[in-house]
Amino acid sequence: MLRQASTTLSIRAKRRGLHEITRDVRQFVNDSGIRDGLLSLFCRHTSASLLIQENAAPAARRDLEAYFEGIAPEGADYEHVDEGPDVMPALLRAALTATQLSIPVKDACPLLGTWQGVFLFEHRRNTPGREVALHLIGE
Amino acid sequence: MLRQASTTLSIRAKRRGLHEITRDVRQFVNDSGIRDGLLSLFCRHTSASLLIQENAAPAARRDLEAYFEGIAPEGADYEHVDEGPDVMPALLRAALTATQLSIPVKDACPLLGTWQGVFLFEHRRNTPGREVALHLIGE
Amino acid sequence: MLRQASTTLSIRAKRRGLHEITRDVRQFVNDSGIRDGLLSLFCRHTSASLLIQENAAPAARRDLEAYFEGIAPEGADYEHVDEGPDVMPALLRAALTATQLSIPVKDACPLLGTWQGVFLFEHRRNTPGREVALHLIGE
Numbered sequence: 036m037l038r039q040a041s042t043t044l045s046i047r048a049k050r051r052g053l054h055e056i057t058r059d060v061r062q063f064v065n066d067s068g069i070r071d072g073l074l075s076l077f078c079r080h081t082s083a084s085l086l087i088q089e090n091a092a093p094a095a096r097r098d099l100e101a102y103f104e105g106i107a108p109e110g111a112d113y114e115h116v117d118e119g120p121d122v123m124p125a126l127l128r129a130a131l132t133a134t135q136l137s138i139p140v141k142d143a144c145p146l147l148g149t150w151q152g153v154f155l156f157e158h159r160r161n162t163p164g165r166e167v168a169l170h171l172i173g174e
Numbered sequence: 036m037l038r039q040a041s042t043t044l045s046i047r048a049k050r051r052g053l054h055e056i057t058r059d060v061r062q063f064v065n066d067s068g069i070r071d072g073l074l075s076l077f078c079r080h081t082s083a084s085l086l087i088q089e090n091a092a093p094a095a096r097r098d099l100e101a102y103f104e105g106i107a108p109e110g111a112d113y114e115h116v117d118e119g120p121d122v123m124p125a126l127l128r129a130a131l132t133a134t135q136l137s138i139p140v141k142d143a144c145p146l147l148g149t150w151q152g153v154f155l156f157e158h159r160r161n162t163p164g165r166e167v168a169l170h171l172i173g174e
Numbered sequence: 036m037l038r039q040a041s042t043t044l045s046i047r048a049k050r051r052g053l054h055e056i057t058r059d060v061r062q063f064v065n066d067s068g069i070r071d072g073l074l075s076l077f078c079r080h081t082s083a084s085l086l087i088q089e090n091a092a093p094a095a096r097r098d099l100e101a102y103f104e105g106i107a108p109e110g111a112d113y114e115h116v117d118e119g120p121d122v123m124p125a126l127l128r129a130a131l132t133a134t135q136l137s138i139p140v141k142d143a144c145p146l147l148g149t150w151q152g153v154f155l156f157e158h159r160r161n162t163p164g165r166e167v168a169l170h171l172i173g174e
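Chains as they are written, first to last, in our numbering: chain Y, 36 to 174; chain A, 36 to 174; chain L, 36 to 174.
No wet-lab data here; the hints were simulated from the structure. Built from N, CA and C at the ideal position, the CB exists for glycine as well. Take these hints with a grain of salt, some might be off.
To be verified - Stretch-level coverage of chain Y by chain L, calculated; a stretch enters the list once three of its residues show a Cβ under 8 Å from a Cβ in chain L:
1. 69-79
2. 83-96
3. 131-140
4. 161-171
With the rest of the complex left out, here is chain Y:
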């Protein structure tokens, strides 16, 4: 019998960069009692995003962070600057990555590959906490 479960993951304020949330996501799936289905994550912000990436090498994470800082840099000629110099770069880096992710679930586990972790990508310098909505449908 198909059914669904949902929750909101509240994430305390973090420094700019990648923060792994795989454990929280797995916990939600496990607690739901749903063993097979589709898990969806949705970042409720325009200046943070989601990314599935390397879960083992911290150097890869640092390279990813540096890359997005370079490709959408602070101090470029932006019009939208009145909320701070880090806002427009944050919106651009969010636009280039994912606001939402859906992952099939089997035997109560998201079907992540061996080296895949789920990350919140914080793009601003100082933020209050962030919210990621989680939804699971299955049986």
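Once you have looked at the hints, place chains A and L on chain Y.
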């Protein structure tokens, strides 16, 4: 009892850039009678895309449009030019943003954050209308 | 009556670049017996990704491949280099495209537009095969 609803949003020809469709998307959810579930949007084109972004500051939208025009510019050394100089930049800008978005729905509302709007991102200069397929599953 | 189907698409080792998998995806939908619903694809790797793009013009595919090679080049100043010079560019190109895609299904067909194909985007030079998890929910 879980059920699903679907429709196709037909969007009249637009100028290049970001066009908010949040109201149409909310209307579909509201009309469906489904209060809790998962909403999915799918852009049926390779030269337009979807983006969740800032719904309040027009300057942010202009910066976003200018950024993607800069990062995938017209007039670069493309091989695929026979359908017009704006085609290849359009395909690249679409590849860098989203063809598809899924958003959890609660109490008959998509769980968008306060500053999040859903936009069609038109990348070509002259197009006929565009189609965005909407799908909602829930109860 | 809603139900779901799932499988894993095993893709043999490919050269770097875009490889169309639309036919395999359509076959899975067709074999499932589910006529209306939501199809999701999930790439179980950090150095390959998914992309919906032009299915007709090989020149467009070559331009897309060249663009992503240029925007996240080999030989830049990366810290994470011990697994090979092509690893960090692969992770960046995957971060800029999609790990996951969801497509509404109607009358047993994914609602792809006329010119849309589904592609595995291989970012590494030498890999073993790749796995794409497929999930379909509907009726």
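Tested hints:
no., hint, verdict
1, 69-79, "holds (count 3)"
2, 83-96, "holds (count 7)"
3, 131-140, "holds (count 7)"
4, 161-171, "violated (count 0)"
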